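Given next are the chains, with one letter for each unit.
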Amino acid sequence: MKSPDSKQSTPISTKPILEEDIGLLRRFFRGRIWYGTEWYITVVGGLILFFITIMTISAPWISPHDPNEFVGAPFVAPGGGPQILISLTDEQEIIDTMQISNLVIGVHRNRSGDKYADTIGAEKIRYQSQNELIAGLEAGEINYILIDEDLEEELQFQIPSMMVIARDLGLRFPLGTDNLGRDMVSRIIWGARTVLSVAILSALLSSSIGVTLGLISGFVSGPLDRVISLVMDSIYSFPGLLLAIAMVAMLGPGMINVAVAVSVIYIPTFFRVVRGQVLSIKEELYVEAARSLGAKARSILWSYIFPNVIPSIVVVFSINIADAILTEAGLSFIGLGLPPDIPDWGYDLSKGHSFLVAGHWWLITYPGFMITLVATGFTLLGEGLSEILNPRLVKN
Amino acid sequence: MQSKETLYEIKDLVVEYHTRYGVVNAVDHVSFDIYRGEVLGLVGESGCGKSTLGKALMRMIEAPGEIAAGELILNGVDLLGLTPKEMRDVRGSQISMIFQDPMTSLNPVQRIQDHLTETISTHEPDAEKPTMLQRVKRLIERLGIQTQRLDDYPHQLSGGMRQRVMIGLGLVLNANLIIADEATTSLDVIVEAKLADQLMEIKEEFGISILAITHNIALVAQLADRLAVMYAGRIVEIGSVYEVFDDPKHPYTRGLLQSVPSIKLDDHEDLYKMAGEPPDLTNPPSGCRFHPRCPEAMPICSQEKPTLQEISPGRSVHCWLYEDHPEKEPLVSENS
Chain A
1 MKSPDSKQST PISTKPILEE DIGLLRRFFR GRIWYGTEWY ITVVGGLILF FITIMTISAP
61 WISPHDPNEF VGAPFVAPGG GPQILISLTD EQEIIDTMQI SNLVIGVHRN RSGDKYADTI
121 GAEKIRYQSQ NELIAGLEAG EINYILIDED LEEELQFQIP SMMVIARDLG LRFPLGTDNL
181 GRDMVSRIIW GARTVLSVAI LSALLSSSIG VTLGLISGFV SGPLDRVISL VMDSIYSFPG
241 LLLAIAMVAM LGPGMINVAV AVSVIYIPTF FRVVRGQVLS IKEELYVEAA RSLGAKARSI
301 LWSYIFPNVI PSIVVVFSIN IADAILTEAG LSFIGLGLPP DIPDWGYDLS KGHSFLVAGH
361 WWLITYPGFM ITLVATGFTL LGEGLSEILN PRLVKN
Chain B
1 MQSKETLYEI KDLVVEYHTR YGVVNAVDHV SFDIYRGEVL GLVGESGCGK STLGKALMRM
61 IEAPGEIAAG ELILNGVDLL GLTPKEMRDV RGSQISMIFQ DPMTSLNPVQ RIQDHLTETI
121 STHEPDAEKP TMLQRVKRLI ERLGIQTQRL DDYPHQLSGG MRQRVMIGLG LVLNANLIIA
181 DEATTSLDVI VEAKLADQLM EIKEEFGISI LAITHNIALV AQLADRLAVM YAGRIVEIGS
241 VYEVFDDPKH PYTRGLLQSV PSIKLDDHED LYKMAGEPPD LTNPPSGCRF HPRCPEAMPI
301 CSQEKPTLQE ISPGRSVHCW LYEDHPEKEP LVSENS
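Respectively, the protein sequence lines represent chains A and B. The first sequence begins at 1 in the numbering used here and counts up one residue at a time. The second sequence begins at 1 in the numbering used here and counts up one residue at a time.
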């Protein structure tokens with residue numbers, strides 16, 4: 001890379017760097033500011049997206065459970081999940097798992113405890129309420145009951161004679177479970193796939209269509225511009241979700257169809273931004289200068305106007321992705337989006353918010369955080385890239 | 001002046017802008033010639049149609065404007081008869097233009113080198129990259145810019161350098177005529193003087209003609225061989241620069257020359273201010289467009305339009321003072 005400092009201090013010995021000696025990448029980034037005040041923005045954005053991408057690719061291996069399986073009790077708080085084994089016996093004998101087998105265990109509506117009972121080979125009684133289980137325990141019908149760790153204190157108060165025989169049994173859920181007892185970690189990991197594919201696909205679709213139309217419309221102007229603008233404005237006047245609903249209802253569910261439906265909403269956003277920019281850029285002196293040198297309309301559009309619009313496109317693109325995730329979530333919520341067996345942050349978010357009042361904050365916090373994270377990642381990367389790629393900021 | 005071989009003949013050119021207030025005659029029946037190898041200065045107030053004329057010479061008037069009438073004959077070809085594609089080929093290769101503001105006349109996202117090579121490849125699609133680069137390097141060095149700067153973006157260059165790059169863009173295809181539209185206005189005086197010198201050198205070396213549109217009369221005096229004075233869309237006086245400066249014929253030219261500030265310290269007389277305002281071109285004054293402001297106006301001036309009269313070889317004036325008309329009688333006699 002050419003060092004500007006050495007050019008100033010030793011002007012004579014500076015050996016000119018030949019174009020063909022430089023690799024493609026270095027030629028591309030030659031002279032770009034990587035060490036300015038804002039370099040970390042790009043790096044942070046890139047790291048976030050890198051992390052999400054890795055998560056997406058390796059989902060089958062790193063996800064602890066099937067995202068659709070009811071693996072635990074419903075509404076297990078983050079970090080919770082393990083069971084304790086309780087008996088009423090006064091005998092002080094230490095019971096290991098071998099001795100429990102062939103005894104009756106009461107399981108409190110809990111797949112995790114259920115599984116545990118299966119592994120130790122105990123006979124189990126399932127799907128009874130807590131009170132029924134306790135009554136059974138007191139009546140001697142059930143030897144032991146497995147309950148959530150959280151309920152220990154409450155039970156201690158209810159039956160002072162109870163004894164905890166074993167702790168930390170069964171599964172633990174770092175981010176809790178949802179209302180159906182599905183593991184949040186797995187849903188988050190698998191949901192990244194959906195988000196990345198639907199949101200990025202729709203953003204790519206809408207940006208390519210919107211930018212092309214905006215460029216043509218702004219550059220050509222006249223009746224064509226009027227017609228395209230009219231169409232775009234009428235799309236824009238629809239409430240976004242309503243239009244998406246109509247589109248999906250027409251196309252039918254499925255990942256590609258959802259992406260198409262969502263992309264239609266955002267075409268006018270790109271169109272308007274690009275058209276406005278083109279209208280102002282084409283009046284710039286350098287465009288006129290290019291014309292005075294005999295440049296063709298196509299080359300003016302492609303190499304004079306388009307590169308100057310890119311920074312705005314990048315910014316709109318990153319905002320659009322974040323928005324597309326939420327729209328897609330809205331579609332899933334009303335059942336028109338993805339089939340329910342596809343794990344999806346947006347769906348979790350829109351479904352989980354009704355349980356917030358009951359105190360189950362983790363149902364929406366984690367998906368919401370992830371959506372924010374991905375959107376932030378795209379925004380930071382976009383912002384940073386537009387700084388780096390902007391030749392106006394090349395180090396002088 | 002040496003041989004007066006005509007390069008560009010402008011005949012009766014009319015440029016109209018169709019605005020909602022009516023038709024604006026920005027350039028009104030203008031005729032003049034540009035000779036090979038000369039510098040023609042075009043001066044006038046702001047808004048008198050200088051830049052419009054410059055653009056019209058490249059057929060770059062955009063809607064709502066149009067070239068309503070006239071002929072633009074460059075090297076024997078009427079540019080108005082060319083198709084848009086043929087016209088594109090003429091631009092850049094035969095005429096090119098340097099604009100007022102060098103800060104914005106280069107594409108901010110393109111390297112200098114790409115500007116130049118793109119211009120070549122637009123007109124010569126078969127040109128190979130190494131030969132193009134050779135040409136570009138030679139030219140840029142000739143213009144006094146280091147070849148390393150070819151890799152820079154426009155914002156990394158100074159104003160003078162950028163303007164030189166613009167000149168280079170005009171020269172890279174050996175254009176015959178360069179229209180410099182206020183090319184030096186936004187530069188400081190030292191850079192301006194340098195650039196003017198360089199333009200002269202280039203003119204000699206490449207044998208090009210330059211149409212220097214400016215309101216810097218001092219610069220024109222230094223640069224130009226001939227001077228055309230424009231007022232309200234018409235050329236009011238044209239002639240060799242010495243003659244026009246020594247003996248301005250048209251009252252407007254006289255006023256314009258008196259309005260030039262002088263740096264002489266002992267000169268305490270007030271700067272001459274021309275009376276009145278430039279006319280509104282949607283509704284121009286009848287007859288001679290200068291008559292409301294003219295100190296020597298006569299009754300005929302408001303009634304009939306004068307013609308551009310050749311009063312001596314190569315010297316034409318557009319004024320009733322130098323033209324006969326049956327109804328012509330001086331206004332001065334009425335006042336006295």
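Check the hints yourself; a few may be wrong.
Claimed, not checked - No farther apart than 27 Å at their CA atoms in a straight line, the calculated lysine-lysine pairs in the DSS-like style are these:
1) B:Lys85 x A:Lys282
2) B:Lys4 x B:Lys129
3) B:Lys85 x A:Lys296
4) A:Lys296 x B:Lys129
5) B:Lys194 x A:Lys296
6) B:Lys11 x B:Lys305
7) B:Lys305 x B:Lys273
These are computed hints drawn from the structure, not numbers from a lab. Small disclaimer: the values here were computed from a predicted structure and weren't measured.
A quick look at each hint next to the structure:
{"no.": "1", "hint": "B:Lys85 x A:Lys282", "in the structure": "holds (20 Å)"}
{"no.": "2", "hint": "B:Lys4 x B:Lys129", "in the structure": "violated (38 Å)"}
{"no.": "3", "hint": "B:Lys85 x A:Lys296", "in the structure": "holds (9 Å)"}
{"no.": "4", "hint": "A:Lys296 x B:Lys129", "in the structure": "holds (19 Å)"}
{"no.": "5", "hint": "B:Lys194 x A:Lys296", "in the structure": "violated (33 Å)"}
{"no.": "6", "hint": "B:Lys11 x B:Lys305", "in the structure": "holds (18 Å)"}
{"no.": "7", "hint": "B:Lys305 x B:Lys273", "in the structure": "holds (25 Å)"}
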